[in-house]
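All chains, please: the whole structure from these sequences, using the hints.
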Amino acid sequence: MRRLFVARLAQSLIVVLIVTTISFFVIRSAPGDPFSYDAPNVTPAIREHWRAQFGYDRPLPEQFARYVTSAAHGQLGYSFQLHEDVSTALAQAIPRTLLLTGVSLGLSFILGLVIGVAQAVRRGRWFDRLSSGVLMLLYSLPDFWGALMVLLVFAYWWPILPAGNIVDQVLHDYMSPWQAFIDRVRHLVLPVASLTLLTMAGISRYQRAAMLEVLPSDFIRTARAKGLPERQIIWRHAFRTALTPMVTMLGLLLPALLGGALFVEKVFSWPGMGWLAANAIAARDYDLVTAIVIVGSIMVVIGNVLADLLHVAIDPRIRE
Amino acid sequence: MDLAAMMSAWSPYHPPTAPVSMRSSIVVIAVVTILSGCSSKEGPQSAGATGGTMIYAAPADAIDLFPPYVSDLIGRIVQDLVYERLAEIGPALQTIGDKGFAPLLAKSWTWAPDSLSIAFALDPQARFHDGKPVTASDVRYSFKVFSDPKVGSPTAPLLTNIDSVSVRDSLTPVVWFKKRTPEQFYDVAYQLIIMPEHAFGSIPPEQLHTSEITRKPIGTGRFRFVKWDAGTRLELIADTANYRGRAKLDRLIITPVAPAAAATQVLSGQADFMDIFPLDQAPKLDSSAAARPLVRPQASYAFMGMNQFDPKAKKNAHPIFSDVRVRRALSMSVDRVGMLRNVFGGMGRLAHGPFPMVFSYGDSTLRIPAFDTAAARSLLDSAGWKVGTGGIRVKNGRPLRFTLLVPSSSVPRLRYGVLLQDQFRKLGVQVDLDQLDPGAMQARVQGYDFDALVGGYTPDPSPSGTKQNWSTAGIGPTGQNYLRYSNHAVDALLDSATSSFDPVKLKSYSSAAFQRIIDDAPAIWLYDFVVVSAVNRRITTAPMRVDEWWANLADWSIPADKRIDRDRIGLTPVKR
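Residue numbers (this note's numbering), protein chains in the order written: chain A, 12 to 331; chain B, 273 to 848.
You may find that some hints are simply not true.
Claimed, not checked - Okay, derived cross-link-like pairs now, SDA-like style, lysine to any residue, Cα gap no bigger than 25 Å in a straight line:
id, chain 1, residue 1, chain 2, residue 2
1, B, K499, A, M186
2, B, K422, A, Y67
3, B, K834, A, D184
4, B, K586, A, D68
5, B, K499, A, I105
6, B, K556, A, W156
7, B, K499, A, P106
8, B, K586, A, P70
9, B, K584, A, D68
10, B, K499, B, A513
11, B, K488, A, A102
12, B, K416, A, H60
13, B, K488, A, F65
14, B, K499, A, Q103
15, B, K422, A, E95
16, B, K499, A, A102
17, B, K587, A, D68
18, B, K587, A, G43
19, B, K834, A, M186
20, B, K587, B, P749
21, B, K520, B, A321
22, B, K488, A, E95
23, B, K520, A, D184
24, B, K584, A, S40
25, B, K416, A, F65
26, B, K584, B, D704
27, B, K556, A, I171
28, B, K488, A, L101
29, B, K499, A, A289
30, B, K488, A, Q86
31, B, K416, B, D441
32, B, K488, A, Y185
Think of the hints as simulated: they come from the structure by calculation, not from any bench.
See below:
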C-alpha cells in the first residue's frame, strides 16, 4: 500500500512538472502579452517599456529559469490583472472553487447514485425511460449553455435567486451571521445547480449500468433465495458492489468539474479559480495562468491518488 | 426588507391548512428562507437629499488605479471620481485656450504676458481624503511622476510641451511651457491628475507599477476610495467633508460581471447600472420595471482599415491596398447605410470620416465615396483586377483576396465583418474573416501583421489625437497609426489645425485634412459609436459628457421615496 502511494506520488510530481512547463510555454506562445490590452492612449513604445520593466522582453528560456527558481521558493509571481501576488489571489479563489465543486460533487453523487439505482431496479419501466431521456438531455448540454439557461429561468423570468456574485455586494457586510449564511447559500444555489445537473446525469448513467451488471449476479440470487427484503438486497448488497467503479469516477470527475467550473464561474461571476482563469487567459496574465494550471493539475492528481487509495481500501482483491 | 412582506409578494408558498410533518416544515422553511433572501441589519440610516447605493455591473475589473498608469475604462472611472485635475474641461470639450474650463483644484489661474507660464491659485479648502491639504508641491510632484521616463506613463507624450512646474508659494504652482500652443492649458488641466506627494513620494519610480500603496488611491474628488477586492468588487463612498460638497450618492460599488449575468442583474434590479447593454436585448429595457435605457453617443468611431504595407514584407507596399483605386472601389462597393440599419436598427449613427461627430471639429459635410457598385467594378477593372474563374478578380495571377481581422469581443464589429465580406464577394473580392480575442488582435495590429481590420478609435477631444492615428508622425512606436497611412499634405493641414488659436480656423484646417484622408480612402468609415446604457429607474442621472459618462456621477441621486434596502445603509460623516 505504501509502495503504491509513493509510486503514485512520484508519478504525480512528474505530471505536475510537465504540465507546468507546457502551460508556461503555451500561454507565452499565444499572441499578445499582459500589456497588449486595448487602450487608446498606450503607444507601442510604452508597452515595450513595461515589458522590459517586468522582464518579458527576455528570451523565453531565461524567463522559464527565473520562474522555476521563484516557484521553487514558493513565489508564484505577480498578477498584473489583480495587482497582487499570485499566491494571494489563489488563496482567495481556491476555497471558493472548492466550495462550489465540493457541494456540487457531493450533490451529484448522492442524486446520481440514487437515480441510477432507481433506474436499474425499475429497468424498462416508465420511470427508467423518462429519467434516462431527461438525463441524456442534461448530459449532452454544454456547460455554459446549461448555466445560461439556469440563469435565465431563475434570475430573469422567475427572479427568485441572485444572478451572480458570491454574496450580496452591499448588504452582506451588514447582515447577522444567520442572514449572511442564507445570503451565501442563495448565491450558491444557481451555480451549484448548473454544475450538479450536468455532472449528476453522467454519474447516474454509470451507476445504472453498474447496477445492471451486479443485479443478475449469483450472490444477489442467493440473497433473494435466503428471503432477504428487496430493499436490503438492493442497498446493502447490490449497491455496495456496484459502487466500486464509481470510486474511479470520483477521480475522473474532478478535472471535469474544474473544467465545468470555468464556464459556470464565468457565467455567474463567481470569483473562483475558473473565473480567475478565464480572465487571466484573456488578459495574458502569464504568472496567474501558469499558477492556476499548476494548482489545477495538483488538484486533479490528488483526486486521482485519492480515488486509487479508496479503490484499494474498498476492494480487497486489489489489496491482495 | 421585511421577510413576511417579501414572501407574500411573490412566494409560491402558502401556509398549509392540514398538519404537516416536522421534517417537511423544516425543509419548506429552509427553502422559503433561501429563496426569499434575508433582511439586513439596521445600519446608520440614510435619509434626506443625499444617500443611496449604486451597483455598477462593470464589463471588467480595473487594471490600474495609479493615475500615471491608468489606461483602461474602470481605472479611468475610479481615477476621475477619486482624483481631480486643476480645472475641468467643459461639456463642449473645447480644447483651445482656457475657454470653457471650470475651476476645480485651482480656483483661478493667471497667464504670464508671454503665455509661456500659467500660475494656478489652488483652493485653500481643498484636502486629500486623508485630511492633508493640497499644495503646489503636490502639483510639481504629479508632473514629475507623469513625465518620468522610469515610470513609463502613457500620458507622458501628451505632456511634452510642459517644461517644468515650480512652486511660488504653498498654494501657487506655476506651470512653465516650452512653447506657446493653442492647447497648452488643456495639456496641463486635462492630462495632469494631482496626486499626494506625502503618500506616494517616497516610492522609487520604478516600483510604482507594483507598489501596494498605489492600489489605494488618495485623491481630492467627491468620492473616496474604500477598498478593492481585485476581480470581485471595488467600493467608493461619498467624501462627506469634500471642499466641493459631498457626492449625492453614499456609495458606488463596481463589480465585474460577465455580460449575460450583468444584463440579468440590471433587469432584475440586482445591479443598478450597465454602461454597454447588449444591443439585441435593448428593447427589454423599455418594458422593464427595474431599469430604463440611456442612449449615449460616444467619442469613438469604427472603420474598416486597410494596411498600406505588406504584412509579410513590412517595408513593401501592400499588393492590394497600396493602389488608391482599389481602396476607393472597396469604399464605393459597400452600402454603409444598409449595414448600419442591419447592425444597429434605428439607433446607429453613420461615421463621417476619421473623427467622432460629437467633437467640436466633427464635420458632417465631407464627401465620402458614394455607394455605387457599377463605378466600383469599373474602377477595379481599370486598376487591372479582372474577374477570373470562380468570380474572384485576378491581377497578374494574384487573386483579389485578403484577410479581415475582427475582434471577437465586439458584436457590432463581428456583424460588420460578415456584412463586408458578403458585399465584397459580390464585387469579386474574397475576404477571409479572422476573429481574434482583444489581446491577440492588439498583438497583430501593433506588429502591423494584418491586411485589413474592423477597428475603432477613441481620440482625445483635441485634433492632436487625430495626428496620432492618421499622420506620418503617428507611424512607429510612439504613435498609433497602425495602417501606416501617410500623406504629407494631411500632415501639414493637421499641423496647421493643432497650432491654430482660432477655433474657426482649426475646424477649417481639420476638415481639409479629413477630406484628404477620405479621398485617399485608407479606411471605410462605418459608424460612430452609440451605446445603450441601462440604469435603474430609481436613479436620477445628471447630464452626461460624451467622453465620460461618469463625469457628473457625484450629482446622480436616488430620491428618498425610491430608496431600497441597500440605499439606506448610510455613511458616517468624516471629520476634518
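Go through the numbered hints given earlier and state which of them the structure violates, listing their numbers in rising order. none
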